[in-house]
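Visitor: So the sequence lines, in the order shown, correspond to chains A and B.
Using the working numbering, the first residue of the first sequence is number 1, and each one after it goes up by one.
Using the working numbering, the first residue of the second sequence is number 1, and each one after it goes up by one.
Because the hints were derived from the structure by calculation, they are not lab data.
From a predicted model like this one, the values you see are computed outputs, not experimental measurements.
There's no promise every hint is true.
Claimed, not checked - Examples of chain B residues lying across from chain A (beta carbon under 7 Å, computed):
hint: 1; residue: Asp25
hint: 2; residue: Asn158
hint: 3; residue: Pro159
To be verified - The calculated lysine to aspartate or glutamate pairs, modelled on EDC-like cross-linking and capped at a C-alpha distance of 20 Å, are:
hint: 4; chain 1: B; residue 1: Lys124; chain 2: B; residue 2: Asp181
hint: 5; chain 1: A; residue 1: Lys473; chain 2: B; residue 2: Glu157
hint: 6; chain 1: B; residue 1: Lys179; chain 2: A; residue 2: Glu464
hint: 7; chain 1: A; residue 1: Lys473; chain 2: B; residue 2: Glu164
hint: 8; chain 1: B; residue 1: Lys179; chain 2: A; residue 2: Glu172
hint: 9; chain 1: A; residue 1: Lys199; chain 2: B; residue 2: Glu265
hint: 10; chain 1: A; residue 1: Lys454; chain 2: A; residue 2: Asp506
hint: 11; chain 1: A; residue 1: Lys199; chain 2: A; residue 2: Glu172
Stated by the list, open to error - Away from chain A, derived, C-beta distances all over 10 Å, residues of chain B:
hint: 12; residue: Leu16
hint: 13; residue: Leu42
hint: 14; residue: Asp112
hint: 15; residue: Pro130
hint: 16; residue: His155
hint: 17; residue: Glu163
Built from N, CA and C at the ideal position, the CB exists for glycine as well.
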Amino acid sequence: MRRIGVFVCHCGINIAHTVDVEELTKYASNLDGVVVSKSYKYMCSDVGATLIKDSIKEFNLDCVVVASCSPRMHEHTFREVISDGGVNPYRLEIANIREQCSWAHSDKEKATEKAKFLIRSAVAKAQLLEPLKTSNIPVTPEALVIGAGIAGIQASLDLANNGFKVYLVEKEPSIGGRMSQLDKTFPTLDCSSCILTPKMMEVANHQNIELFTYSELAGIEGSIGNYKVKIKKKPRYVDVKKCTGCGDCAAACRLKDRVTNEFDMGMGKRGAAYMPFPQAVPLKYTIDSKHCLFLARGKCGETPACREACAQGAINFDQKEEIIEKKVGAIIVATGYDLLDPSSLYEYGYAAPDVITTLELERLISSSGPTKGEILRPSDKQKPKSVTFILCVGSRDETQCTWCCRIGCMSALKQVYLLREKLGEDVEINVCYTDIRSYGKGYEEFYRKVRGLKTNMFRGRPSEVRNMGTQQKIDIFDTTTNKLFEITTDLVVLAPALVPRSNAVDFARLLHLTLSGDGFLLEAHPKLRPMDTFVNGIFIAGCCQGPKDIQDTVSQASGAASRATTILAKKELEVDPLIAAVDEELCTGCGVCVEVCPYDARALNDKSKIAEVNEALCVGCGACIASCPSNASIHKNFTKKQILNMVDDII
Amino acid sequence: MPTEQYAYEISLREILPLLDVELVDIEGFSCCGEPMKSVNQLMTLYLSARNLAIGEKHKLDMFAPCAMCHLALSECKYVLDSNPEMKKRINEMLASEDLNYHGDKGIVHTVDLLHDHIDIEAIKQHVKKPLKGLKIATHYGCHLIRPSEIGRPVHSENPQKIEEILKALGAETAPYAQKLDCCGAPLLANLPESALTKTGQKLKAIQEQGFVALVDVCPWCHKMFDSKQVKAGETVAAKLDIPVLYLTQLIGLAFGLKREKLGLELNLSPVGKLEF
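For reference, chain A alone in the conformation it holds in the complex (with noise of 0.2 Å):
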């Protein structure tokens, strides 16, 4: 007979307030093996935890049971104290009186009887409970980085500087993602560029990143410590190692202006043979095989002008994708987002030429853009004489996205600012506004400065945009001063919702992650664990968990390389027993489950033709465990005797 303790937790009133602990303790005293039960106020604390090992030395006890919270909370914490006291660290069962009890119900009197049985059934898993070992595995030292904008640049510089090898992957031609695309940031004015391009370079010119432009992830196996990654690299048609940058083939192309350049968010075009903006990284070009006369219709003139026109001989029309295998111990993912496309609101009128989005404005004033930094509106290039921002197109609204896109305030303020210096003291501006949302460090003090100059703020959604032909004509209902405006302006900006990749979806199955209500990706904790994930081993940056500012997202870069160095500075991590074992007599080598096993951790035995666990690869999914047809795979410590024996006992 196993000597068994019972520790029932108070966690201060919230289970004490549903549940009556003192006589939960009494009655825990009286089941089969239990030698002592004690309560505590907080079982977690010092004291509690003293509690606990001078029981097990006073009573002697080879078994815990812990009633009180999940053991998502605390059951790591127990295990290291009964470790301490001397008892096998896996010979723990916690009875979840709290979120399974007492925060669920309100009747004292039904909670407690509930309570009971919640401790009767534990303390019979606890009878059979197997003392486990640890083992350990050896940690590739590598990191992978998906997506190369601020965020993923910021995690690489961070793991490559702390010693590390990185593996970058960027799907578009170059890296700097939409911050490259933004001219100034907010509230400071520093010029994007300026900021972000001495970022790309070292990213470029640094030893331990490994640059893949133009690529994608294809495919994950393996789990932390020892992932194995491949990397699709898709064919640029252009030889990166011989390929100066010169522009010589965008030159010549035949399709020079006139594909549409995504870079500039429509606004500006490009060639098929382009490089997305003057600082890319890497400075090479690419031939795009979706409009490339020669690579979509196969005859390009008599031969194709790029390849005539380059003197390195760097054009190759023969590139084919290439699949590269690498193998890491933890992976960052820093995706992005998504603009909504304001077409699905068709009230504020976005199929007008002059209603364009703030990430279109923003492409009109760089001066790297398709005007050179003029503000010229696109239906007919002449600078408009009064401007009108929308904010919260689809924000913030429940026939569309909920929640707050936290960058739309702040970045139509600033193009408040910038276009109040090119444009002059005469353009009229107006900002229809729901709240402005500046709540981050200087912001509210660049608001106040917009405020001053001379710009028209209504509070309120506009009602209609309408297409007057020339002009746009906006209803308003200003909330502040109870009265309708009617607008007429010659521009209209829309500061749209920040949505989550349109690819998500697939992407968070690829690497088993979980997405939130909104579609971003789900943290594991939002608040103390906000970059880890539930997969062990990948983190979560920037907006691909939902939308922030710049300075949000370089923060949580680093702080997301930080969580990934915890993994990768360790030689070898700690394997979690409780994973899949098998019952060699009872396992007739048939193997069902290595073909459900989704880690590839299930593999036949060559000479004796049983099924065998790779306890490096395996998580303890149970997957195995529940369609093994004779019931030979069997998972440590939640084992069919065990869990039967818990039924039994409260049936």
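Chain B: place on chain A using the hints.
Guide: Quick look at chain B alone, frame taken from chain A:
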């Protein structure tokens, strides 16, 4: 449910049989209740529910060509289907006539009947005189598009179903900024001047943008745009002479039906000048 606007009803009864739709007239229908809504909401609900219950008794979907009736009935269905207590209360009131509202039958309007239930292709096949070269403006009417929560036959911000029907008839359409503007009718009783200003502004904009006719699908809107066009023109100091037709009248013309069969002599706007 019949309407007091004969031209609408006459044309409906002409074109629907051609499209294999049989209309069944049921005795005992009353007003939908909408005009009483601001005075007595319970009465509105009761009247709408009563009509729906009569339809259910005959196991038929309800066809309400008037957008306002359609709104009252839809709103009633929305309230009763989502509020069991109110449903019980109304059914207790209906019991005296041996009626009961279940909520298992649909409510259709002219636009979704033509666009969704009959199908554009079927309409296309009946076109004998395509409306070639006619640029026609559309007016849906507020009751047909909003509120979207209770379910309306067309999109509340960018309705396109009438446009698609017009294209099937061979006509041209174009978006115009004032498309969703109110006809002015709700203001007519208390602020007639404001009401006619709304009507006039919209018609003026349509005329200025080169449309040759306006189609509508609501008796109230039609009264404003058609019957009150001259007065509306005087209010906004513009000479208005734009033909205003019910969608069903225009479909009848495209189907090659005679003008007198479509009640066109009842229209007060200059429909005679519409040629194609």
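Visitor: Does each hint hold? Answer for all of them.
Guide: Right, here's what the structure says about each hint:
| no. | hint | result |
| --- | --- | --- |
| 1 | Asp25 | violated, 38 Å |
| 2 | Asn158 | holds, 4 Å |
| 3 | Pro159 | violated, 9 Å |
| 4 | B:Lys124 - B:Asp181 | violated, 29 Å |
| 5 | A:Lys473 - B:Glu157 | holds, 16 Å |
| 6 | B:Lys179 - A:Glu464 | holds, 11 Å |
| 7 | A:Lys473 - B:Glu164 | violated, 27 Å |
| 8 | B:Lys179 - A:Glu172 | violated, 42 Å |
| 9 | A:Lys199 - B:Glu265 | violated, 77 Å |
| 10 | A:Lys454 - A:Asp506 | violated, 47 Å |
| 11 | A:Lys199 - A:Glu172 | holds, 17 Å |
| 12 | Leu16 | holds, 31 Å |
| 13 | Leu42 | holds, 29 Å |
| 14 | Asp112 | holds, 19 Å |
| 15 | Pro130 | holds, 27 Å |
| 16 | His155 | violated, 8 Å |
| 17 | Glu163 | holds, 13 Å |
When each numbered hint is compared with the structure, violations occur for hints 1, 3, 4, 7, 8, 9, 10, 16.
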